[in-house]
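Could you put together the complete structure from these sequences and hints?
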Amino acid sequence: MTLDRTSWWWRRGRAVVVIFTTLFAAGLVARPLQEAAWVEVKARQPEMNVHDLGDNIGQGMLLGVFWGFRTVLADFIWLQGYHYWEQRDQPDLEAMIYLSTTLDPRMVSFWDNGSSEIALDIPAWVYRNATLPRDQQAAAYRKARTVQAERALSFLDRGLAFHPGEFILLKDQATLYDNSLHEVAKAAEKWREAAEADDSPFFAGRLYVRHLLKMGKKMEAYAYLKKIYPRLPADAPDAQKAVLWDWIVGLEHNLQVPHAETPQLTPPPGWTPDPEIDDLAKLIDVDF
Amino acid sequence: MIPALQHIGFIGRLTFLEAVRQRFFNFLVLLALALIGCAGFFRQFDFGPQELAFTANFGLGSMVFFGSILAVVVTAQLFFSELDNRTALTLLAKPVQRWAFIAGKLLGVAMLMLVFVVLLTTLLGAYLWWRQGQFIALWHLAHLAGSVDTELPESMRVHFDGLAINALLQWLKFVVLGSITMVVASFANTNMYTVAVSFFIYLICQLQYIALEAYQTVDSAVVGSLVWVLSFIFPNFQLYSVGEMLVFTSKNPVPPGAVWAAIGYSVVYIAVFYGLAVFSFLSREI
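Residue numbers (this note's numbering), protein chains in the order written: chain D, 1 to 288; chain S, 1001 to 1286.
Hints are supplied without guarantee of correctness; some may be wrong.
Only part of the chain S face toward chain D is listed, based on derived beta-carbon distances under 8 Å [unchecked claim]: (1) D1046; (2) G1061; (3) L1239; (4) P1255; (5) Y1269; (6) I1270; (7) S1283.
These aren't lab readings, by the way, just hints derived from the structure by calculation. Note that CB positions come from ideal geometry on N, CA and C, so glycine has one too.
Below you can see the structure in the form of structure tokens.
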């Protein structure tokens, strides 16, 4: 069999081989340049990390295609989500929430509001839409609340991967553990993380102390209070320095530890002991 | 060599002039400029607190979106108009080499994309400069009243040098895309086929970054190998998705080395695609 070098197949086949071989060789030559630039680009955009996407490779494709307009597209998809929210359409609402956070994971408000809709609004719809007998409705609601809270928690975990140490998202997780799942230990851990976040409001630390006390960890609560008290500004009303000093003294009474006043641990000016200083439960308003 | 360079310059100039007279180019440029001008209107659909970042993102998005369409469609149109009008025959009958013809066409497309990028960047820069000035004036007033911190917020700091670097990178990306289109046009029979295939390749290039890493996680050895080969064959267009980082980030800026690497990467691919277009066009019957 002779090879007809003038045939269409020969010419096209040769062209295809030359083009692909050349491109492969160019890819090899340009790989160091690509690596040098790509490492820097990817390091500044965690959403570009394919390994973190795992099975959700479609999200990476979506990002790749819509990169230029992703902010405005994410905004419109988020608005579309409100249409489904009004319709109480759970699957479409969740799809819109996931899509908008995929396109623009930098928007903290998407993660914050999205988790609330997943964890709180949807169970309420399930409860209202249920055609169950009255005695079974509460159980159905509790179940929906638990399932949705867990979904919201994993959703927030994704958000925290893009916003490490973001107070709003940590606060959302802590609140879900508290109110939907009633897991005090996990809520305490989240409040601790929230209290350590940048620009964290002072109440996060107080809530961590309350959770420690709910778990009976009085000594840990006392140590934590002594740690944060010196850092609180005296002139900020929301720091409630006098209240925290009451708690320290109350815990000292309760635990019968000697009061060790140091230059950092002094009562705020004008402090007078709370009348319920010896009743820790009333003082800190914790149901032990 | 000098006559060949003159031919390239001549064909490039004619290609550019022909392109700027096209309604399609003018329409896309006006649309892109209008979109940037209307960024303030679209701001009402935004949920983020930073107007400048939104405007920059929107403007850079317009540039990428319309620029990509322009690079593909105009390159294909300009190439096929020469063939359809038989002007290519006249040109190539003269002592004009085919490689010079392709180089001239590519030069014209590059000049066109340069005009497009400069226009859009200038408008975006002017808009950002104007709004930044207003924000800074308000911030100074608030600062004097003692109601804000002493440091100007990151979101108000627009790096105009970064905007210029981004314009250069986007231009290089469009030239790479134009040269890819030229390769397709060099063997394709119709304009429509060229545009469709080029957009398909553009999509692959946009998604190449997935292939770059995903081949390690693919279970099947055959599919993994195929993905690995693909990651070498197509250029990575996500390298150019650095606009916002260049314009806003001052805490962790993109190092100059990465920018130079992206420029070198573009030059390599422009040269390679140009070479392939010439190789394919040499054996084409006109």
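Checked against the structure, which of the hints given earlier come out wrong? 6
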